[in-house]
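Visitor: The residues making up each chain are set out below.
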Amino acid sequence: MSLKVDGLTVYYQSLRGDVKAVDGATFEIADGEIMGLAGESGCGKSTLGKSLVRMDARMRYVDGRVELDGKELPVWDDRKMNPYRFKHVSIIPQYALSALNPTRKIGTMATELLASRDIPLNGVVDEFKRRLKIVGLPEDVLERFPIELSGGMKQRVVMVLSSLLDPSLLIADEVTSALDVSTQRAVSELLVEFRDRGFVKSMIVITHDLSVLYQIADTILVMYAGKLAEKAPAETVVHAPAHPYTRMLISSLPEVGVRYAEKRLIGIPGRPPSLLEPPTGCRFKTRCPLAFEKCAEEPPFVEVAPGQAAACWKATA
Amino acid sequence: MWRYLFRKVSIYVVTFVVAVSIDWAIPRFMPGDPIQGLLSRMQAQPQASEELTSFYTEAFGFDVPLWKQYLNFWAALFQGDLGLSITNYPIPVTELIMGALPYTLALLVPAILLSFWAGNKVGALAARRKTLDNTVLPMSYVLTATPQMWLGIILAWVFASSLALFPVSGAYGFALQPEWSVEFARSFLHHWILPFSALFLVAFGGWAIGMRNLIIYELEADYSNYLASLGAPTRLVRKYAYRNALLPQITGLALALGAVVAGAIVVEIVFSYPGLGTLTLNAIENRDYFLIQGIFLFLITGVLIANLVIDIAYVFIDPRTRVGMQGGA
Amino acid sequence: MAVSDRDAAVVPTGAPAPSLETTATTAPGGGRPLAAAPLRGRSEFRYFALRNWKFVVGLGVVLAFFVLALVGPLLTDNTPFEFSGPTDQAPSSEYWFGTTSFGQDVFAQFVYGLRAAFLVGVLGGGIAWLLGAAVGFTAGYRGGWVDDVLNMLTNVVLVIPTLAILIIVAAYINVHSYATEAILIGLTSWPWAARAVRAQTFSLKTREFVDVARLSGRGTRQIITTEIAPNMSSYLLMMFILLFGGAILIGASLDFLGLGPSASMSLGLMMNNAFLSSALLLGTWWWFVPPGLGIIAIVGGLYVMNVGLDEIFNPKLRET
Amino acid sequence: MLEGDSLMLNVETCCKSYRVGAFGGGELLAVQNVSFDVHPGEVVSLIGESGSGKSTIGKMILRLLKVTRGNIVFDGVDISTLGGRELKAYYADVQGVFQDPFSSYNPIFKADRVFTMLRSEYFSGLSATDWHAKLEKSLDAVSLNPGDVLGKYPHQLSGGQLQRMLIARALMLDIRLLVADEIISMLDASTRIDVLNLLGDLKSRGLGILFITHDLSLGNYISDKTMILRRGNVVELGATELVFGNPVHPYTKTLLASVPQLHTKWQDVDVTIGAPPAPGNGGGQLVLAEGSLELVEVEPSHFAALDGDGAAP
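Protein chains in written order, with the working numbering: chain Z, 1 to 317; chain L, 318 to 646; chain S, 647 to 966; chain A, 967 to 1279.
One thing to keep in mind: the hints can contain errors.
Stated by the list, open to error - Pairwise CB distance ranges, derived in the manner of DEER restraints:
(1) A:T1238 to Z:R197: 24 to 34 Å
(2) S:P732 to L:N451: 40 to 50 Å
(3) A:V1237 to Z:R197: 39 to 49 Å
(4) A:H1229 to Z:S41: 21 to 31 Å
These are calculated hints, taken from the structure and not from any lab test. Keep in mind the model is a prediction, meaning the values are calculated, not measured. Built from N, CA and C at the ideal position, the CB exists for glycine as well.
From just these sequences and the hints, can you work out the full model?
Guide: Below is the structure:
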């Protein structure tokens, strides 16, 4: 097992109290696995991803354990976490287009960063250039300032830099959302290539777009309102989802070929609950057509079929 | 980059033309007759008055059509002719100004540069560090709110009158003449410390506050978060944030020039420092209009040149001005 | 020039990065470019305002001096210029702040001087605020050649040192009242405010609620006053405070130079009198210390209050 | 082009250019010679990546931007000629809804303000009861419960609710054409389809809709006619089933090949479409004028551009 997360609970501090953004997340990622992490905005997927690398000032660790390659990650301690970052666990942030210092050349910034981590430069810089070539960027981007690059180019530079030290786990947070369709495909396919070439051992790809995950992920983890809803291989999630939320979500997505006049899709009525004071029991019960008395109790996140886990009483029964 | 500089320079050229025009227009279009006003203030004898009237009329060049007056004004300007001082008749205004200028520059240039350097360093140190922030910040607010002349008066009172550590006025000892000698230099420095401190301290406060706030913004910026996510030590994150926070401060430096110059004028007066400020006060008290107009033009030219220098420096520091608007997401 | 076509597939939420133009709008002495997000509702403002010591202390000091300026003159029978008592007397129960070399009551001078300071600050700052807002809104909302012209005007007035132009103007016209002085200050100190408002307007007018208002048949003026300005209210308030403080400082310098009204008392004129009468050498500190402290208290109070406001409106600046 | 009497909106060789450079020296063409029309009860999709000029076209139709060259004709009247009062009347026929629901509401006022603004400009004669009846009717038409949405601040409502309110606002005016600019791209997946369906319902009531989107599957789902834009040029235009079923222009093929689908992998799409995947930086930025493209009819009601890239239909 590359990554083991057990009962991870992280709150977001807000003016009105704690937002219970990630509540008791428990899952594993195998070596070489690309896990897609999907869900609607505010479901906690980004918080989960960030908390594995660096909690920002407003995030508060509450509970849980994270293990990477058999060693515990001190996610609650910003300083103790530092030696692991970049080398063992790394992130392509959501804001990749503004992640580069605007007044530093890409190459200067990278070497200064490496030097500050006491990483010998000789081999790494050549490897950096080699990988830039792999993602289709000319070597001379090292001599350029971020403003001289297009959005897609910046995205790729950040991808290469974040994974430069061959981390065990790479978290890709909404890397394709800000890109145009054609760039989106190229960048997504590069993520797979990074894994195939062994630049990273395993990966969490966070996105709201299930269809992108279907294209590149091995498994998909669906979150709803701070809780894990379902985890299964990508094919299973798309073709045979166990959780009613996943099922309704998948069937509401229009695809090329589906037309209003021929087949009217329907959405999920209602909206997700506030995570300031989330309801007890299943958090999806108010929007769920299958809800029954037992849903007042919280459903455990358990295996419902081989390789498929879900948090739903109906799926378990 | 060239377009950026061209735009800036064109603004300065227009500003200069406007300033010269104001300088020319004010005595001509202000309500009341400036010459009569002058004479009434000087309480001249009736027969002298007539003579003076014709003298001023000629000196201002009032006896030709307006457009010609305007052109003459420019022509004289390009020959470095700003007229003659009335109080120090017949010394040319330019000569008086050139004599005072070195003293003002000796105060201004170090005060501007050192306060900028020290204020930014201290402000950056204070940001996000509780104890320092709680001492540096309140002190800086008090300093920025202090009128420079008052700080000068207090410094003079405490360190010169009361403690007698420094001389209370002048730029060098009475017995000395300006020359390149160790003795003169020592005396000069001794006289220079207090007025310099008054200017330095007030400006320091402003820069410290500005940097403290700017760097907090930079530390919250995406690139800072990204660096921290990759495990970069605080040292590197702060270094980057500092460099980027410095850019708006440099723009601010250009804007603050006017205020520093104003400060220098009043501080010089407090210490009877023989620079442009003291010259200005004398000119105001004696209604020496040519001198006032000349100082005005000099100050503006100086500020414009300083602005241009800052703009050029900025191009070297901020790559974005060099690259222009290409690329970008 | 801003190309207003933003076709981005998914626009990440959050404000756009400030452009070079925006970062250039720095308040003198303030430093950081002003930027503020509207708070939701008045109660939220009150909640944070009362918990922000900078705001509370700053406002308290300014109000205290304002009250002193109002009632101070009623507490003394003396007027500022009247030779009412012994000369060069240190503070006593009779003359709270002592007397000048001419036997004038320093306390009387001080409280009347405070009045002048508030007058110059509010009026001068107010005029600069109005001009800055008018120019900024027009340039920012209209764009095009109107913007080019106003921008040039702003930049020209911006680089001319305010005091220099005031010196030459005040030298020719006799400033008889603080109102005149305030008007002169107001007319020359608006440019940075205009630039700040312009930059804000630029970014606000690309917000879609402005388009919705236009599609509702609203006119330009209405959109500026009812859609854009309310979103900048915190910003406009802070701008006024900074201009207020700045006007007091400029006014004090003018008065100190003897370019202000000579027939009524101001804090700057007190310093001028004290200085010219060699109070320094005589050691009559009670003459020249109070006016400076008064200015520091008011202007410093305003600045600290402004920082408090800034923290209230910008959660990022709040210390954790 | 088609039956003259039912024609509502006609965009004729419309161009938009921006001046660039310090003193307006350069010219940036955001839209070049775009022509199309919209009939009542028809949904026309404008599909393109960033910089394709699709939003610019929408804004020009809404008179939020001026047309540089060409005409936009509504009911036979060139809209650039409309003055104050006529413009107001035009807005009673044509309205828009935009991408970001939260940015469409002034954050410091209650969300109802979009309605009250309309009341003061268009329905000042209406009594309070009549106004409320009308308001409830339009909220009902977009499946909103007045009690849920009235009297609240924008941040208290969901993106979907806010977009519906804006559509309700447009419906109060009995409009005939709605410009829907990326109106669901910022909504969550579980609710966006309902807003899309709402557009479909409005269409069946005779409303013409210009649906602007970057998402091909959305355009495909809802529209009768599709127009693919690239860098301000129309590259392909025609009945939706023809453009998607038989894409002709390489750019259209690239787009279709790049769209992530939920049931077909990219590799399989490549095989069916027969187009190489985009070499990375596809759509990209606005470019300086390179001459506009000529449209050729490839089959009845299906046009494609003859490209400089040698793309023959």
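Visitor: All hints are to be evaluated individually against the structure, with a verdict given for each.
Guide: Okay, the hints, checked on the actual structure:
| no. | hint | in the structure |
| --- | --- | --- |
| 1 | A:T1238 to Z:R197: 24 to 34 Å | 28 Å, holds |
| 2 | S:P732 to L:N451: 40 to 50 Å | 44 Å, holds |
| 3 | A:V1237 to Z:R197: 39 to 49 Å | 25 Å, violated |
| 4 | A:H1229 to Z:S41: 21 to 31 Å | 24 Å, holds |
The structure does not agree with numbered hint 3 stated previously, though it agrees with all others.
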